[in-house]
Structures are given as C-alpha cells and as structure tokens.
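Chains Y and E, in that order, give the protein sequences.
Anchor point for the first sequence: position 81 equals 183 in my numbering, and the numbering is continuous, going up by one each time.
Anchor point for the second sequence: position 432 equals 999 in my numbering, and the numbering is continuous, going up by one each time.
Some clues are possibly wrong.
[To be verified] With a cut-off of at most 30 angstroms between alpha-carbon atoms, the simulated DSSO-like pairs for lysine-lysine come out as follows:
| hint | chain 1 | residue 1 | chain 2 | residue 2 |
| --- | --- | --- | --- | --- |
| 1 | E | Lys687 | Y | Lys263 |
| 2 | E | Lys641 | Y | Lys263 |
| 3 | E | Lys838 | E | Lys788 |
| 4 | E | Lys687 | Y | Lys289 |
| 5 | Y | Lys396 | E | Lys1029 |
| 6 | Y | Lys396 | E | Lys687 |
| 7 | E | Lys641 | E | Lys687 |
| 8 | E | Lys1029 | E | Lys972 |
| 9 | E | Lys884 | Y | Lys396 |
| 10 | E | Lys899 | E | Lys950 |
| 11 | E | Lys884 | Y | Lys404 |
| 12 | Y | Lys263 | E | Lys770 |
| 13 | Y | Lys263 | E | Lys729 |
| 14 | E | Lys729 | Y | Lys289 |
| 15 | Y | Lys396 | E | Lys838 |
| 16 | E | Lys647 | Y | Lys289 |
Hints listed in this document are in silico derivations from the structure and should not be mistaken for laboratory results.
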Amino acid sequence: MTPEIAIAIFLTIATAATPLLIAALGELVVERSGVLNLGVEGMMVMGAVTGFGAAQITGSAYLGLLAAIICGALFSLLFGVLTLSLATNQVATGLSLTLLGLGASGMIGENFIGLPGIKLKAIEIPLLSDIPVIGRLLFAQDLIFYISILLTIAIWYFVFKTRAGLTLRSVGDNHTSAHALGINVLKVRYLAVMFGGACAGLAGAHLSLVYTPQWTENMTAGRGWIALALVVFASWRPLRIVAGAYLFGAVTIAQFHAQAQGVAIPSQLLSSLPYIATIIVLVLISTNKRMTMKNTPASLGKPFVPDR
Amino acid sequence: MAASEIAQRKQLLAVENLTKVFGTLKANDGVDFDIDEGEIHALLGENGAGKSTLVKMLFGTLQPDGGQILWRSKPQIITKPSFARQLGIGMVFQHFSLFDSLSVAENIALSLDASTPLSKVSEEAERVADKYGLSINAEAMVGDLSVGERQRVEIIRCLLQKPNLIILDEPTSVLTPQESDRLFETLETLRSEGKSILYISHKLDEVKRLCDRATVLRHGKVVGHCIPADETPSSLAAMMVGESIHTIRKVADETDKNREIVLSVQNLSQKPTGPFSTALKDISFDVPAGEVFGIAGVAGNGQFELFEAMSGERMQKDAAMITFRNDPIGHKSINERRKAGAAFSPEERFGHAAIATLSLADNILLSRHASDANVYLSGGILKIAKPSALRKTLSRIVETMDVRKSGENPDAGTLSGGNLQKVILGREFDRQPSLLIVDQPTWGVDAGAAARIRQSLIDLSKSGSAVVVISQDLDELLEMCGRIAVMSEGQMSEPQQASTVTRETLGLLMGGANAGQAA
C-alpha cells in the first residue's frame, strides 16, 4: 500500500469517526451528571437538517454549524424540562426524543431533498500542513475535525482535573449527597444535558455539511445509537472514546472498501458490523464488574426530586 | 462541663417554637432548646420522634413552617446548607453522604469552598486528620473503605470547614465499641477547643457518658431538658419512650446436649459475589432446637452473604455445607428450603422482604406461595391466588402482632417501618417454622415494636424452633440469645455464651481479634 492510499484511507476513517466522537463526548458529559439521554439519534438528525437548511439559506456552512449547535441544545432542553423539572422516566423520554427528531427532521427537510449541499471547506494550517504525511493527516482537515480533537482533551481535563468536573461527577455518583452539600443538582444536569445536545447537533451537522453534503431523510442511520454505545464502551472515559470512535469509523470504512473490492460478503452483514462490535465490546467490558462500577455514574437514569 | 461552667456560659444556638408539618403529621411541634459554646448537647428520641427533621432545618435542607432559629442571639433564616456552613454549622450525616466512586481527597474537596486548589486538599486533610487522631489514606476510593473509615472521612470533611457547631446524627450506630471510644476522644478534644456539638442518639449510656445537657423529643415535641449526668439510663428511657418498656422474658440457659440440631453449617466458604461483597471463609456452627443463636458484627463483614447462603438466594458449592434437620440443603432453592420448614426474613424491608406498591395480603403470598400452596392457591397448574385465604391470614397476623395500619389491606409502602416489620415477621411466625433466620429484626423500629418482635422471636424458640438472629445491635443480641458468634471479614468467631460474655470481648471480636486474644 502506498502512503497516498494510506493517507486517503485514514482521512475517510477520520471523517466517519468525527461525528461519532463528538456525539459520544457530549453524551459522556450528560451521563457523568447521572442523566441517560437516549435521544442522541434524534438530536443529531435535527442538527443535520438544521445545519443543512441554515447553510442553504445563508450560503455559509459556518452559520449552518452554528445553527445546528443551537438547535441541538434547544432540542435537548425539551428533554431536560421533561426529565429534570417534571422527573419523567429518562429512558422513555429519550426514546420519544429520538422518534420526534426523526419525524420532525423529515418534515422540515422535505424541500431540501436533492438540493446540492454546501461543503465545509478544509482549513490548511500554514507550515504544519506542509509536514510530510502527518501534515496532510492532521493539519489539513475541516473545522469540525479540529474541534473534535480539542474537545476530547478539554473534556478529559474538565472532568478529571477541574473543580467543576468534580462537581459533575459527584452529581452523577450520588445526587442526594450532592444536594446535601449544597450543589444545585438540577442546574448541573440542565447544563450537562444542553452541552450534550449542542454536541449532538454539531455531530449531525458534520453529516450534512462534510460527510455527505446533502440532506436525505434519516441520514444519521443509527450513528446516535453507536455514540451511546461508545460511551459505555469507553467506560465513561473521554480518551477511550477516541479509540472507540476511530475503531467504529474504521469498521464502517472497511465495509465500503470490501464492497468495492467485490469481497463475497453480503453487504447487510458488513453494515451490521459496528453494531456487532458494540455488542461484543459490551459483553467484554461487563465481565470486569469492579472497573465498570468504579467508572459508571451510580445515579445514572435515576430522577432527582429535591426534598420538600 | 467544669471548664465551660467556669468560663461564662455563652449561647451559640437557640431554637424557639420550631414547627414543621408534613401533610397531617406534625414532625416538629413547637420545639425549643439551646446550645452553649463548648458544650456537647444531646438530642434524644426514638426513631420517628422528629430528630432528623429538626436537624435538617438547622442545616437548611428543610424549611420550618413556624418558629425561629437564633445564631449567636440573632435570628437567621437558614435557606440552604451552604448558608448553614457559612454561619459555622457542620454536619456529619447518619447515612453517610459520601461519593463511593470518588477518592477520599475528592470527597473532601467537594465540601470545601472553591478557593482551595484541588492539589492542596490531600495535604490539608491529612493535617486535620493527624491533629484529631483520625487516620486515613487520602488517595483511597471511598467505596473500598470500612464504615468506621467512612465516618472519619465525614468528620474530617466537616472539621475542615472550621465549624463552631458540629451536628452528629447517630454516629455510633455503625461502629464497634472500640471505634466508638476513639470517636468520643475526638469529640472531647473538640469540646476542649470550645467547639459545640449537637449529638443525636437513642443510646442512653453514650449520652450519659458524653453529653453536658440533653433535650428529649417524643412525637415531635420536647418532653424535657435534663443533665444526663444526674439521670439514670432508665429515667432517660422513660422520658424518651413515655412509658416503661416491659423487659423480655428470656429462655433459661439450658445446655441440653440432646436437643436436635436443626441447622448445621459446616466449612461454608464462598468467593465474593460482586465488587463490594465479602468472601465467606470456612464458617461452621450448629443451632439446636429451642435456641436463639445470635450473629453480631459491624455491617459489611459477611453477614449479608451468610444470610443469602442460608436462605438459598445463593446456593452452595457443596450440598453438605448447610444441613437442615439432617438433610443437606446446599443445592436446594429458597422455595425447597421453605417447603422443608425453614423461614427467612432479610434486612431490607423494601425490595427484598416486601414490595411497597403491593397490598399486605399480596405480600403474604410472596413468601408463602410455595410453602403453603394448598392454602393460598387454587386451580391446579393455573395457581390462582385465593384473596379470602390471604386476608384471613393477614387479619390473624395483625391481631397477634398488634399491627397498626390504615384500612383493611393497605399497600405495604404506607406502613411505618416498625409495623411493616411486624407483618413481615408475622407472616413467617404464622407458619410455625422449625427454623427462622432473620437479618436485623428491629433496624429502624421504635422501641415498643422492637420489644414485641424480640418477645415473639423468643416465644418461637421456646416452642421448639431454632432461631438465628443477625444484628448489629449488641444489646438486642445479649438480651435474646443463648449464644452469640461474631462475623469479621467473612470469618466467624467461636460462639460465646451470652450469659457470660463481656461486651469488651464481643467488641474485640468485631474488630477482628481472634477468640484467644479476646478472652
């Protein structure tokens, strides 16, 4: 394999992995606060359609991104009001959010189908992008790629090294104790949920502005669910999410290449590979209970209702 | 006391006419008391007397419906815990409010103000820990610590905020006698530094030993203020309960070797069943008919796992590890064990012994559907429940155990802890089991109900059944049992005769000393 082909393959893997990475990082913050938002798929697809539409209207892919982020955050706010203020069941509410997002995006995007999209341009960083091989790999990408890398490091630092991150983890571990210490549990959770929504919106915009710059109904195609699985796969640790996202990205790309090479494997089996990998990984990590319990936010999915 | 009397008495906190109403229940009804600087003040009362409600109002997690709180003679409205801390009120909770998945240092950091950098917290914590003789490892994960160590973390966390008033809620309920002694030394050091302590307890000897003054609560009202040193434990108890509790008639110690062995546990070992579970190590003991056998120990030393093994929630490697009336039952399920005449009552009332959202009659069926299928089920393989039979049993239990409830057949969740426990145990007594194994029979139960439950357990043993009681309450075990064995780190001590064993010996065994050292 020549270096050119290797670089090309890496670039396609990075493109497939970036939306998974961003959506999963957002959901990690949400789950670290003790909230399980199963609506990632719905928030992503809303981000995708909003990003595409805003870019069409304004003519700017960057304004499209911004709109997608705001849309994701607002859409997750709906989930926040229901599960946090009204203490509804998080699983049921999250699933409804996904269904609502898929339906609403289809309706909003009806007139976008078939329109040529606006692709987010790559930004070549001067000097760094001239470095052989690495320069092309890391420093001649689109804005969302750079954001995904910075976001990983920032979230790792935030969760494990800052006081605010400690507060976030404490709320996810034991909300009753956190409340007794005077931490505003619901405020922390609202912020986390909206951050997760913003990330999912951005991840969705990556699909409609970078990955395949167009709008098709249901274009997230299950990536929101993979992002959710990734959080568990990474046992709620940000750096492991990078490994997982790129692994799943690679599996997706391998599937296209195998089809192009005419490998005699049914395409349905190949496209189900990421999900099969997710299941295997879930089985593997759940065997080490101690590690899982150490990292798993103990109040995940439990509604918090303050004392009278 | 002497020191604080010589120094001028200076009032730190006063509570006037404080009232809190939940629905129709007056949890606190016009409560008055005050605390001076450098005083250890006891708040005495039974479970449900309103102690926790009062404390929550002092600490700002609940708002009073009436009355006022004076801090250094100035009225204050304590809106939230952070404001209480700002005033100088610190709190050590009864059910520790620690975060299991975080380290000791991280737990402490959370309660310090944001100006302390995270990197400095360990250092600061260890300094305070050394000063008051509270040894801890700041890097350890809290989920791995023992209950005593967790309490130390709580106390250090509280002390780092430099409070003037420290509230301790039932601090010794989970400690060995030796650990309690260490705690008292720490508290006395704090008093000598002029700090005030509000000490909430229902243990009379502790209050008498440690506290300068006491306020006694009953049914949400203050029934008296007193100086514990001038009272006797029984006069304090009478104030607390409002009536004298009848003493239990214990079975005479018969060392009749010919009695049938009902339960025999032989070389029972078991690996830990989960990350926070204790391994059982080579446990052997026999319980003859007519004996109440006690198992003491600090929580988390394998009692829960031993209960699971005996009840059949977890089966054994080797069927002969547990024998019930000469029948190896190690491979038998809970229902098979029940059918053979054994009965079990676990510690957790909700989710394990009973289901809160089911009616009492339905809850009776839960433990007796297999052992008394012919009474409660009809329709052959359809197994249709017979509500009339269940209700009849319920009314029998209600009468014999004196259960107080609203309505004829209410949901289990509507009963108070003590009344629900009477139903849970009553449904087992009602079967006249030849073996009853019960975990924490009177945990969180008021004194009157507890006395009744203990008497019923003794009556069952008198009628020829074997009874195994797992409890953290030494007084209860000494009162009821023929012999008492102690669990420590999954091992069981030699059983001790309850009539001759000293509390000190039991305390040492709880702390892990072997029987030879302890005796």
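Quiz item: Can the restraint linking lysine 884(E) and lysine 396(Y) be considered satisfied, given a maximum Cα separation of 30 angstroms?
Solution: It holds: about 29 angstroms lies between the C-alpha atoms, which stays within 30 angstroms.
Quiz prompt | Given hint lysine 263(Y) paired with lysine 687(E) - CA-CA distance at most 30 angstroms | solution = Measuring from Cα to Cα gives roughly 13 angstroms; hence the hint holds.
Quiz item: Is the straight-line distance between the alpha-carbon of lysine 838(E) and that of lysine 788(E) 30 angstroms or less?
Solution: violated (49 angstroms)
Exercise. Sort out whether lysine 770(E) lies within 30 angstroms of lysine 263(Y), counting only the CA atoms.
Key: violated (43 angstroms)
Practice problem: Assess, step by step, whether the Cα of lysine 396(Y) is no farther than 30 angstroms from the Cα of lysine 1029(E), and give holds or violated. | Solution: violated (48 angstroms)
Quiz item: Does lysine 950(E) lie within 30 angstroms of lysine 899(E) when you go C-alpha to C-alpha?
Solution: Given pair lysine 899(E), lysine 950(E) holds - Cα atoms ~22 angstroms apart, limit 30 angstroms.
Quiz item: Do the alpha carbons of lysine 647(E) and lysine 289(Y) lie within 30 angstroms of each other, as the hint requires?
Solution: This hinted pair holds, its Cα atoms lying about 15 angstroms apart.
Quiz item: Going straight from one Cα to the other, do lysine 263(Y) and lysine 729(E) come out at no more than 30 angstroms?
Solution: OK: lysine 263(Y) and lysine 729(E) at ~26 angstroms, within 30 angstroms.
Quiz item: Quick one, are lysine 729(E) and lysine 289(Y) close enough, alpha carbons at most 30 angstroms?
Solution: holds (28 angstroms)
Quiz item: lysine 396(Y) and lysine 838(E): Cα distance at most 30 angstroms?
Solution: The given pair, whose Cα atoms are some 20 angstroms apart, holds under the 30 angstroms limit.
Self-check item: Hint consistency between lysine 687(E) and lysine 289(Y) [alpha-carbon to alpha-carbon, up to 30 angstroms]
Solution: Answer holds: lysine 687(E) to lysine 289(Y) is near 27 angstroms, not above 30 angstroms.
Quiz item: Taken at face value, is the distance from the CA of lysine 263(Y) to the CA of lysine 641(E) at most 30 angstroms?
Solution: Violated, at about 41 angstroms.
In summary, the numbered hints that this structure violates are 2, 3, 5, 7, 11, 12.
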